[in-house]
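Top line first, the protein sequences correspond to chains A and B.
Residue 83 in the working numbering is what sits at position 83 of the first sequence, and the numbering runs on without skipping anything.
Residue 79 in the working numbering is what sits at position 79 of the second sequence, and the numbering runs on without skipping anything.
I should point out that these hints are in silico values taken from the structure, not numbers from a laboratory.
Each hint should be verified, as a subset may be incorrect.
As the list claims (entries may be wrong) - With a straight-line cut-off of 25 Å between C-alpha atoms, the simulated SDA-like cross-links for lysine to any residue are: (1) LYS289/A x VAL21/B; (2) LYS289/A x GLU108/B; (3) LYS232/A x GLU108/B; (4) LYS232/A x SER95/B.
What the hints assert, rightly or not - Residues of chain A clear of chain B, computed beta-carbon distances all greater than 12 Å: (5) VAL13; (6) THR197; (7) VAL234; (8) PRO258; (9) LEU287.
Everything numeric in this text was worked out from a predicted model, so none of it was measured.
Ideal placement from N, C-alpha and C gives every residue a C-beta, glycine not left out.
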Amino acid sequence: MRFNFSPARFWAVLTKEFVQMRRDRLTFAMMVGVPIMQLILFGFAINSDPKALPTAVLAADNSIYARTLVRAIENSGYFRVVRELTSEAEADRALAMGAVQFVVTIPENFSRKLERGERPVLLVEADATDPAATSNALAALLTINQSALNRDLEGVLQGLQYRPPAFELRVQRRYNPEGITQYNIVPGLIGVVLTMTMVMMTSLAVTREYERGTMENLLATPVRPIEVMVGKIVPYIIVGYVQVTVILVAAKLLFAVPMLGNLALLSVVLILFIAANLAIGYTFSTLAKSQMQAMQMTFFFFLPSMLLSGFMFPFRGMPQWAQWLGEVLPLTHFLRIVRGILLKGNGVAEIFSNLWPIGLFLLIAGTLALTRYRETLD
Amino acid sequence: MSDAAVIDVEGLTKTFGGRRVVDDFSIRVERGQIFGFLGPNGSGKTTTIRMLCGLLTPDGGRGTCLGHDIIRESALIKRQVGYMTQRFSLYEDLSIRENLDFIARVYEVPERQHAVGAALERLGLAKRSAQLAGQLSGGWKQRLALAACLLHNPRLLLLDEPTAGVDPNARREFWNRIHMLAAEGITVLVSTHYMDEAERCHRLAYIAYGKLLITGTAAEVIAHSNLTTWSVSGPDLFGLAAELRNVPAITMVVPFGSTLHVSGTDAPVLDAALDHFRARPGTLWIPAEPSLEDVFIRMMDEAPDNFNA
Ligand SMILES: Nc1ncnc2c1ncn2[C@@H]1O[C@H](COP(=O)(O)OP(=O)(O)OP(=O)(O)O)[C@@H](O)[C@H]1O
Ligand SMILES: [Mg+2]
Numbered sequence: 001m002r003f004n005f006s007p008a009r010f011w012a013v014l015t016k017e018f019v020q021m022r023r024d025r026l027t028f029a030m031m032v033g034v035p036i037m038q039l040i041l042f043g044f045a046i047n048s049d050p051k052a053l054p055t056a057v058l059a060a061d062n063s064i065y066a067r068t069l070v071r072a073i074e075n076s077g078y079f080r081v082v083r084e085l086t087s088e089a090e091a092d093r094a095l096a097m098g099a100v101q102f103v104v105t106i107p108e109n110f111s112r113k114l115e116r117g118e119r120p121v122l123l124v125e126a127d128a129t130d131p132a133a134t135s136n137a138l139a140a141l142l143t144i145n146q147s148a149l150n151r152d153l154e155g156v157l158q159g160l161q162y163r164p165p166a167f168e169l170r171v172q173r174r175y176n177p178e179g180i181t182q183y184n185i186v187p188g189l190i191g192v193v194l195t196m197t198m199v200m201m202t203s204l205a206v207t208r209e210y211e212r213g214t215m216e217n218l219l220a221t222p223v224r225p226i227e228v229m230v231g232k233i234v235p236y237i238i239v240g241y242v243q244v245t246v247i248l249v250a251a252k253l254l255f256a257v258p259m260l261g262n263l264a265l266l267s268v269v270l271i272l273f274i275a276a277n278l279a280i281g282y283t284f285s286t287l288a289k290s291q292m293q294a295m296q297m298t299f300f301f302f303l304p305s306m307l308l309s310g311f312m313f314p315f316r317g318m319p320q321w322a323q324w325l326g327e328v329l330p331l332t333h334f335l336r337i338v339r340g341i342l343l344k345g346n347g348v349a350e351i352f353s354n355l356w357p358i359g360l361f362l363l364i365a366g367t368l369a370l371t372r373y374r375e376t377l378d
Numbered sequence: 001m002s003d004a005a006v007i008d009v010e011g012l013t014k015t016f017g018g019r020r021v022v023d024d025f026s027i028r029v030e031r032g033q034i035f036g037f038l039g040p041n042g043s044g045k046t047t048t049i050r051m052l053c054g055l056l057t058p059d060g061g062r063g064t065c066l067g068h069d070i071i072r073e074s075a076l077i078k079r080q081v082g083y084m085t086q087r088f089s090l091y092e093d094l095s096i097r098e099n100l101d102f103i104a105r106v107y108e109v110p111e112r113q114h115a116v117g118a119a120l121e122r123l124g125l126a127k128r129s130a131q132l133a134g135q136l137s138g139g140w141k142q143r144l145a146l147a148a149c150l151l152h153n154p155r156l157l158l159l160d161e162p163t164a165g166v167d168p169n170a171r172r173e174f175w176n177r178i179h180m181l182a183a184e185g186i187t188v189l190v191s192t193h194y195m196d197e198a199e200r201c202h203r204l205a206y207i208a209y210g211k212l213l214i215t216g217t218a219a220e221v222i223a224h225s226n227l228t229t230w231s232v233s234g235p236d237l238f239g240l241a242a243e244l245r246n247v248p249a250i251t252m253v254v255p256f257g258s259t260l261h262v263s264g265t266d267a268p269v270l271d272a273a274l275d276h277f278r279a280r281p282g283t284l285w286i287p288a289e290p291s292l293e294d295v296f297i298r299m300m301d302e303a304p305d306n307f308n309a
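Based on the sequences and whatever the hints tell you, model everything.
Structure (structure tokens):
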């Protein structure tokens, strides 16, 4: 009797599940949509061998050798010269802001020393906060080195063609000299954890009121939408700060992640970033018909945030369309800021270009959430 | 419009998915009145009440509630209305006291602690105030919800089936309380399916399939129906009822305990038709006052079911 299996009863459960599945259109759409999204993101957007990385050149010696070397570096496919710099300070700033990934410095008297066989230094500085983004490019540099100038060194200079090469290539990995992955991942985790929990918690907040029927009572009271929204958001800002503190303490104690910048500045940025995520969660909350749908919307937002923000894969490795998508996400900008503050010691001036996009996102999502919040049950 | 009209609406209409669930609804409720709102399931009672307190926007019609326009000034109305929802809509994961406290805060009740304490005391839940609302039995939840909607001393109470599932004793207490409040000048609109409660209201409205069929005092409603009713007792009432239902002059046969209520709209014709049955041995025919229930069942049978049309 205990193993009695009734096909009719089994069938009853099965058909009921199918009917319910069909009723919940959004869930059904997600079940089809999520694999497609994953396919596109993993298949097309992600590339762990980023090429054409933005490079700046600081040429104190504008000789034919310098130009040939720069062209050779570009020809490797890993570097794309986007700027000419004029000073050391400018180079530092470009790297600190993340405007370029590399700075190639050709020192004064490069050609003269070269011709004299004094092996001048060619300096390549890399923003190595994300070791994955730079390692292949730096490896490619070594092969250029060997043969780049052979064609220019003709006639009396032919003797210099021999190995070791006529100049010394010096690579400087800035901000993360040992290429420790944790230095990059752990600060980034702050953003990822916040995105996940903040969006999820708030997306459930209003939906829960509808699902449990408490919305009817709440709407009948004089409470205003802005009061409900802010009242529901603020507790999670506090939760967010607790999470950040836990991660920062762990980062220091377990991974010895450097913290060069100002933590007070970070905590100000955090308010903005947390609020942006809460606003998007709140918007989901007003769109979803059930908590289940709210969870799925969260996932739909979280997945591209993980993959397109530069958290898991180098941002500059992605095709242009994926980068544009990534630029819309608050996590992308937050990652740059948090890595900038902790690893590079960035201040307000350096992070501003990534701060305002988060603010704009907050403004739009917040407005959307408020207009979507209905004051009636219609 | 007299100042005394607390609810004064005209032509309220609400459509859901192409169905008019409230159709051209107009009522006036005077200050201090207890106004009973009756009608079969799905007739539009809850929908109407929600339109009165601004939870639903009417598709048509206009009117005022406590002197404020129901469409444009719902924020003002909400402050002075106590709305008790049909389904329990307080927080099940908050304690009894926390729920009351929350409601008192959103209505900005002065001397909140005191007001909440008094409400708990009156409710008889002072000792259990730390218990989660979700753990209360159905009837107790109703009583808690009522206490919550009275916290801010509203001028108008909209109660949607407040006594569903409440025991007779608590119901009596509830109605005594309602009458006390009405005497103080509070207006009460209460929907119910209980006939004894309908009889305790000053005035009634009966709504079926979204249409308001009649308003008036209980006596007026009964008189208006033109029903003549006989009560019959005897053997095999079940068989007798089946036979009576086939008689054209009889519009309604309703079992009432150990008797049948037999009604018709035309007294002499009904009388003539019943002659044949009076001769049955063992049956006892007594003229009876038609009850509200008889009247309502009759109205419901007659109402055109525009939902299925
Ligand atoms: N949100 C909604 N969407 C679609 N139809 C609705 C909605 N709310 C109510 N209805 C429909 O409107 C009609 C009236 O419903 P309402 O809840 O007002 O009835 P009621 O008189 O309160 O019934 P009951 O006595 O069962 O509480 C019903 O047919 C119901 O199906
Ligand atoms: Mg109802």
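Hints breached by this structure:
Failing hint: just 2.
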